[in-house]
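There are 2 protein chains.
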Amino acid sequence: MSGRGHGTSIGIGLLGLGVVGSAVASAVISSRKNGSELNLRSALVRDPSRQRAVKLPQGTLVTDASAVLDSQNVDVVVELMGGEQPAFDYICRALSGGKHVVTANKEVISKHGEQLRELAAENGVSLQYEASVGGGIPIINPLLDDLAANEILGLRAIINGTTNYILTQMATGGASFEDALSDAQRLGYAEADPTADVDAFDAVYKISILARLAFGVSVPFDVIYREGIRRTAAQDFRYADELGYTIKLLAAARREDGGLLVRVHPALVPANVPMAKVEGVLNVVEAEGDLVGPLWFQGRGAGAEPTASAVMGDVRRAAAVLRDGGSVPQARPIDPDLSLLAMAEHECKYYVRLTVRDSPGVLAQIAGALGDLDISIASVLQMDADPERGSADLVIMTHPAREANMQRAVERIDALGVVDTVANLIRVESYPDDR
Amino acid sequence: MSGRGHGTSIGIGLLGLGVVGSAVASAVISSRKNGSELNLRSALVRDPSRQRAVKLPQGTLVTDASAVLDSQNVDVVVELMGGEQPAFDYICRALSGGKHVVTANKEVISKHGEQLRELAAENGVSLQYEASVGGGIPIINPLLDDLAANEILGLRAIINGTTNYILTQMATGGASFEDALSDAQRLGYAEADPTADVDAFDAVYKISILARLAFGVSVPFDVIYREGIRRTAAQDFRYADELGYTIKLLAAARREDGGLLVRVHPALVPANVPMAKVEGVLNVVEAEGDLVGPLWFQGRGAGAEPTASAVMGDVRRAAAVLRDGGSVPQARPIDPDLSLLAMAEHECKYYVRLTVRDSPGVLAQIAGALGDLDISIASVLQMDADPERGSADLVIMTHPAREANMQRAVERIDALGVVDTVANLIRVESYPDDR
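Protein chains in written order, with the working numbering: chain A, -1 to 433; chain B, -1 to 433.
What you were told as hints is all true, and nothing was included just to trick you.
It does not matter which identical chain is used: a pair holds within one copy or between any two.
Derived EDC-like pairs (lysine to aspartate or glutamate); straight-line CA-CA distance at most 20 Å:
id, residue 1, residue 2
1, K31, D335
2, K31, D288
3, K31, E149
4, K347, D255
5, K109, E225
Honestly, the hints are just simulated from the structure, not real lab data.
Please model the complete structure; the sequences and the hints are all you need to start from.
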């Protein structure tokens, strides 16, 4: 499309004025000082009387979404409400009304991205969502734009700051999951209902967005293998450490023979690889392209100002289109030849923690059950024997095995009389130079 | 500008068909399979009869630059010759002729970027140079585009793969500089004349380009403090290791009180920070923005295919402008209030390696010379005493001091009768969580 030319004022309408919205409002207002053409026209809030960190011009706060979505003064709608509804409806209305849209809403983009991209194209406007993944880290636009000539081979990421904070606390302080979660909640890193983070819905939304953009494949969020961190216990960190690993919640998507495998789960990561050292609320995305090789993008994955940085990058791109014409980078088309692989196809080494009867022949029975499914044992640690209860922890590291076989083996092991419980099964992430 | 619309063919002309040019040619040709509108029209070479890795259509190879620069068929000129001339003249001719330009030429952009940006603007075409810094790592476009709303506070980078390879060999294998250089030359990581790399001209070109884009300040490459790695000796690595550091060639630019300080020199980097672990030919750029906080971009800083990845990102942006209109992201305007600080203003801890007479009172004299200039000693190592010659190595770590004072102190120490030579002075890089 052709633009309006220089000197035009570009109207911004905000949906939501929480901490991120306030940071975005501040950035828009302060950009005026550098001669930017951006003008904050309206901001949808629930309670206009509430005290806010940012001072907005009189009349900016509105309580009726139509004052943003239907205003002739608003060119770019910035959606920062979060949640599926009414955000999704509002974005649809904005696009249909010929407004450019910027959103940080991973749930909406993960669930409805394809439909929204089409709606934007039909209406000749842009839809951007850099802040939906990785907070302030530029990752979506680099995938769309800078790396467009690459076939992406794989992505691997730590993209949920809450769980990475909790896991880091557990790794360094020996905290239990429950204590680390409470701590995160107290500091505002985790919500009162932590489900979205600790059960890994958030990470699944994000990897589904990245996978769509990187591989040209539509990945419905509910077909992605998803396992959160609730089962991860203090002793898993102790045993992992003993074996030379730490534990991270990884989100990964990789081309394998026959298709694309997308997965989110806790993983043992070798303590000497860089990803093991990405701590606290930091995020990282590793991307491997056929031309560029491996790339590493790291930064603050959450927080008002990092998110505002990403939102403002999108806003300025939308403003450039309004001013100069042209378009923003588009998602690559869907690749009809790339299919999704089931988690059952995954192959890796496994860490298995069992509570067993402290009696002779236990290991033989377990090794037998594994061997029946072509799984061989790499090492065994017997830990924390409890003579009173006559039980002990047993940690088994396997050689690479197929997920389908491992799951069947776990069922069989769980049914053995000598095994109290298979307390945890954690996949071991493989790295090119596993040392 | 408004575009030509979809379905147009976009003609690419290459200047140079070495390993990078061949990789770009391959990428253009193979992009046709995915329905791209890019067409390779001509490639300037010296010797058209030479055998090449890439098979080009008949008639593509030309030996006269005019066949690229003046061709009506060429919309985008891709300059991959390297060196200042004739590359600079060719780029000027291409821009003046209304052609979009993509270049990987750090020397030309460092020395003539301002003039070329103006020439591009006058002619309504784009000038892009993502591949000039960091090989395949997306760093220039993220600075221009994604981070545009940030005030950049600092950049710190390892942006010369050759020297990082040499320093890594010295750190891990105990090699001398000369042996590590020969090794790098044998493997094709260093050129027969290694000056551009080991004397840090290459890194200076690159940081001057990044500083212009990040801070809106024109940084003539010849005013940047430049120190290469020739003085770095095997024993410096041994002593640094003993003190908990490694040695890296850093390129940095940071806002300080009163202005911007830009510098390129070897530095002691704490062994436990991530930058210490960026090894071999990898590059990394740390960027800190006021909104986004610290970001980390890492990847392959050189090589035909990574460079082609960056070049193709630029080519596709130019193609989008030709097709859809609009513009590519522009460098921020020059900030008239930001001045450059001289290296004399720098403040850091220092590592000083001296060869001294092995006699009493030596340290007192040295400490006195330092104390006279307000420099206090943090620790002293006496190493490698040579009883036959009656000399020893002395390594002094200082507390933070001003560069101007340190340089004067070194002169005075060098003049002391008990000091054979001040063999090396290496700045210690400071990190927020120096542990």
